[in-house]
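Assemble chain S onto chain U, guided by the hints.
Quick mapping for you: the protein sequence lines, in order, are chains U and S.
Start counting the first sequence at 1; every next residue gets the next number (UniProt numbering).
Start counting the second sequence at 1; every next residue gets the next number (UniProt numbering).
Everything labelled a hint here was simulated from the structure, so no lab data went into it.
Possibly wrong hints are sitting among the right ones.
[To be verified] Ranges of calculated distance between the beta carbons of each label pair, as one might list FRET restraints:
hint : chain 1 : residue 1 : chain 2 : residue 2 : range
1    : S       : K32       : U       : R183      : 32 to 42 angstroms
2    : S       : E122      : U       : E38       : 55 to 65 angstroms
3    : U       : T363      : S       : V258      : 47 to 57 angstroms
Glycine included, every Cβ here is placed at the ideal spot set by N, Cα and C.
Protein chains: 2
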Amino acid sequence: MSRTGHAELASTDNIGSLSRAGDLFQLLRDGKARTRAELALTTGLARSTVASRIDALIASGLVGPAGEATSSGGRPPSRFAFKPAARVVLAVDVGATHVIIAVTDLGGKILSERRLAQDVAEGPEAVLGRIITDATSLLAVTGRTSKDLAGVGIGLPGPVEHATGMPVKPPIMPGWDGFDVVRHVQGSFPVPVLVDNDVNIMALGERTAHWPEHDNFLFIKVATGIGAGIISSGQLQRGANGTAGDLGHVRVPRGDDVLCRCGNYGCLEALASGPAVARALAAQGVQAESGADVLSLVAGGNLQAIQALRQAGRDVGDVLATVVNLLNPSVIVVGGSLGQAGEHLMAGVREVVYRRSLPLATTHLRIGLSMAGGQAAVLGASQMVTQHVLSPAVIEASLQAAG
Amino acid sequence: MSRTGHAELASTDNIGSLSRAGDLFQLLRDGKARTRAELALTTGLARSTVASRIDALIASGLVGPAGEATSSGGRPPSRFAFKPAARVVLAVDVGATHVIIAVTDLGGKILSERRLAQDVAEGPEAVLGRIITDATSLLAVTGRTSKDLAGVGIGLPGPVEHATGMPVKPPIMPGWDGFDVVRHVQGSFPVPVLVDNDVNIMALGERTAHWPEHDNFLFIKVATGIGAGIISSGQLQRGANGTAGDLGHVRVPRGDDVLCRCGNYGCLEALASGPAVARALAAQGVQAESGADVLSLVAGGNLQAIQALRQAGRDVGDVLATVVNLLNPSVIVVGGSLGQAGEHLMAGVREVVYRRSLPLATTHLRIGLSMAGGQAAVLGASQMVTQHVLSPAVIEASLQAAG
Numbered sequence: 001m002s003r004t005g006h007a008e009l010a011s012t013d014n015i016g017s018l019s020r021a022g023d024l025f026q027l028l029r030d031g032k033a034r035t036r037a038e039l040a041l042t043t044g045l046a047r048s049t050v051a052s053r054i055d056a057l058i059a060s061g062l063v064g065p066a067g068e069a070t071s072s073g074g075r076p077p078s079r080f081a082f083k084p085a086a087r088v089v090l091a092v093d094v095g096a097t098h099v100i101i102a103v104t105d106l107g108g109k110i111l112s113e114r115r116l117a118q119d120v121a122e123g124p125e126a127v128l129g130r131i132i133t134d135a136t137s138l139l140a141v142t143g144r145t146s147k148d149l150a151g152v153g154i155g156l157p158g159p160v161e162h163a164t165g166m167p168v169k170p171p172i173m174p175g176w177d178g179f180d181v182v183r184h185v186q187g188s189f190p191v192p193v194l195v196d197n198d199v200n201i202m203a204l205g206e207r208t209a210h211w212p213e214h215d216n217f218l219f220i221k222v223a224t225g226i227g228a229g230i231i232s233s234g235q236l237q238r239g240a241n242g243t244a245g246d247l248g249h250v251r252v253p254r255g256d257d258v259l260c261r262c263g264n265y266g267c268l269e270a271l272a273s274g275p276a277v278a279r280a281l282a283a284q285g286v287q288a289e290s291g292a293d294v295l296s297l298v299a300g301g302n303l304q305a306i307q308a309l310r311q312a313g314r315d316v317g318d319v320l321a322t323v324v325n326l327l328n329p330s331v332i333v334v335g336g337s338l339g340q341a342g343e344h345l346m347a348g349v350r351e352v353v354y355r356r357s358l359p360l361a362t363t364h365l366r367i368g369l370s371m372a373g374g375q376a377a378v379l380g381a382s383q384m385v386t387q388h389v390l391s392p393a394v395i396e397a398s399l400q401a402a403g
Numbered sequence: 001m002s003r004t005g006h007a008e009l010a011s012t013d014n015i016g017s018l019s020r021a022g023d024l025f026q027l028l029r030d031g032k033a034r035t036r037a038e039l040a041l042t043t044g045l046a047r048s049t050v051a052s053r054i055d056a057l058i059a060s061g062l063v064g065p066a067g068e069a070t071s072s073g074g075r076p077p078s079r080f081a082f083k084p085a086a087r088v089v090l091a092v093d094v095g096a097t098h099v100i101i102a103v104t105d106l107g108g109k110i111l112s113e114r115r116l117a118q119d120v121a122e123g124p125e126a127v128l129g130r131i132i133t134d135a136t137s138l139l140a141v142t143g144r145t146s147k148d149l150a151g152v153g154i155g156l157p158g159p160v161e162h163a164t165g166m167p168v169k170p171p172i173m174p175g176w177d178g179f180d181v182v183r184h185v186q187g188s189f190p191v192p193v194l195v196d197n198d199v200n201i202m203a204l205g206e207r208t209a210h211w212p213e214h215d216n217f218l219f220i221k222v223a224t225g226i227g228a229g230i231i232s233s234g235q236l237q238r239g240a241n242g243t244a245g246d247l248g249h250v251r252v253p254r255g256d257d258v259l260c261r262c263g264n265y266g267c268l269e270a271l272a273s274g275p276a277v278a279r280a281l282a283a284q285g286v287q288a289e290s291g292a293d294v295l296s297l298v299a300g301g302n303l304q305a306i307q308a309l310r311q312a313g314r315d316v317g318d319v320l321a322t323v324v325n326l327l328n329p330s331v332i333v334v335g336g337s338l339g340q341a342g343e344h345l346m347a348g349v350r351e352v353v354y355r356r357s358l359p360l361a362t363t364h365l366r367i368g369l370s371m372a373g374g375q376a377a378v379l380g381a382s383q384m385v386t387q388h389v390l391s392p393a394v395i396e397a398s399l400q401a402a403g
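The following block holds chain U by itself, in its conformation from the complex (with noise of 0.2 angstroms):
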């Protein structure tokens, strides 16, 4: 088994032996049951080949017998399906100062979930330390044991090298720079753990539960930092080095004078993020500190806190002009706290945008809210784990190391 495998995620068009009852299995993927017969004429597989494989299958677990047939006393059962139940993913998002634990089933339903005032800044072996105790414990809540585990999902608030799940010089992450998180974990959980960061895993959580047949998608987190998850034909893009969607430091045409803590002047994050948007209010004698601040404000009806959060939308309205000529979604969900807080940034969002942006690209492109909230970055996680896990190349390997 790959430690990560992400070569394997990119292995849908794989050809030769290694695809072949991982096609079975995705051909069963959709639920529905089939006899061996039915999967032969499908696949074009030996009758002999699909039997072994379908044996195989049921051993593993993920495939069982499936309708009336199975009653049909000492003959081996003779429909099969897939069974989403049969294995669970831990799910995990980590944030500044919280931890969402879940654990779901094969076909993404959160079973049962979590949720820690954590720290990230205490170090990743008392932050996972305390993930691992407090999953353990979550999955004997749900009544399974770390046996059904099919893999682990994290998210980390700060960039990711995808390919070894090493966060890369994450600035809120004291003591993450490189560390070995998927070597840590699989120490309490010996299974495939997949890490990235948070608004990849928000991208893809977002757009498997609500978005699902919209291929050109983009997820854009604005909060204490900024940041967006892109999925294009379908696929989460992270770039040459897994740094795609790193938009909190494009240059604003409004920040000229404003120096980020990178160093350049007039980064969008030094401008609306959560922050920002606080510093802006205190120079204007409004006490805020923070972008919770922001949102008390706001929601207490405050003139200039408004208006700056809508200014704040403008400014991010900038950067995803660019980012509709440069990508053409069809849709973009503002998620994160400030996000979050309504319609006063959305309406700056979509004053910029519609203004700025080609005619063509914008006539279809809807711009709204994150639906799956707090939920989206677990739900991804889990799709990240069950991408991998489920994939051809993946079930094929596994297959024969147990064959």
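Chain S only, in chain U's frame:
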């Protein structure tokens, strides 16, 4: 046969019978000769299935006998390989004032090529009529006929709805808006006809010919217009409406008071295109009316022209810095007439991209001039066609129709 077949282009993860003979053929595309027994073993297909699929592929001409076993007398040849010369592709690059027609084999090798002076503004019937006539004669010169054609690929200098092959409000192509290019060409060549905008196929051609190992790749054309072709995760990205890569109307900070022909201020094209640089020079009293004039001045060592071209490079770099943060490509190729003018534009591009992009995203980033040059578009047009006509689904459909 579908007219353009774009649904199938995305079907590499297709499951079931459609992909079986396709997979067998994909296996052979590497050029290696294999026996029926080897193919059965590798694919898991029944021997009888392999035998009938090989017969069908031989009948289609795509696969033929290979290796020493062919001389073994009356028995059917026992080893088989892909024959790239079996069929040819017509690859057409339509520019504003020229057309390049190439005949390639199924491996993308250019067999013959012809360049015509032709104004795209004469309208689709005149231009396509000329292409059909000249392509027929070029085929004859190459010793082939239209019966050998596997498909036709056409790049047009304007937005194209890829799914239908129709131009959409192309600014420099009067008479082409909504014209049914595919049907018109199929009147003479009844084969799959695929149409895309020129920058997308230049990206495809440049990457296939010179950067095949780079899955995150950007080609930017800087000429009379400015646009980009995006390859992410190894796949050309067109976006939801086919407008992805349209960078010409992204706002550049420096340009707030420069009106663009699109009605907005500060668009990249209003600052850094050939005509824009010429206008800026003319305003300084230097005689220049077009991009070609700018290039002549630069070639003659005119310092103002060199400075203006370098500034255009900085403006392009401003937009590319955002693109780098957003998409994290490992290679950016600058093409188009201004891009091909040497290092002056490139110096400006590099200066800003390396200053404004995230360090992590630029550590391994290469920015270079086009190596395919004037052949990028025809190489890409050929590649667009072979990706389609040799895809598993299309191969299988054609074999089923024949059988």
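Consistency of the hints with the structure:
1. S/K32 / U/R183: 32 to 42 angstroms: For U/R183 against S/K32, whose Cβ atoms are near 38 angstroms apart, the range 32 to 42 angstroms holds.
2. S/E122 / U/E38: 55 to 65 angstroms: Because 57 angstroms falls inside the window, the suggested range holds.
3. U/T363 / S/V258: 47 to 57 angstroms: violated (26 angstroms)
The structure shown violates just one earlier hint, number 3.
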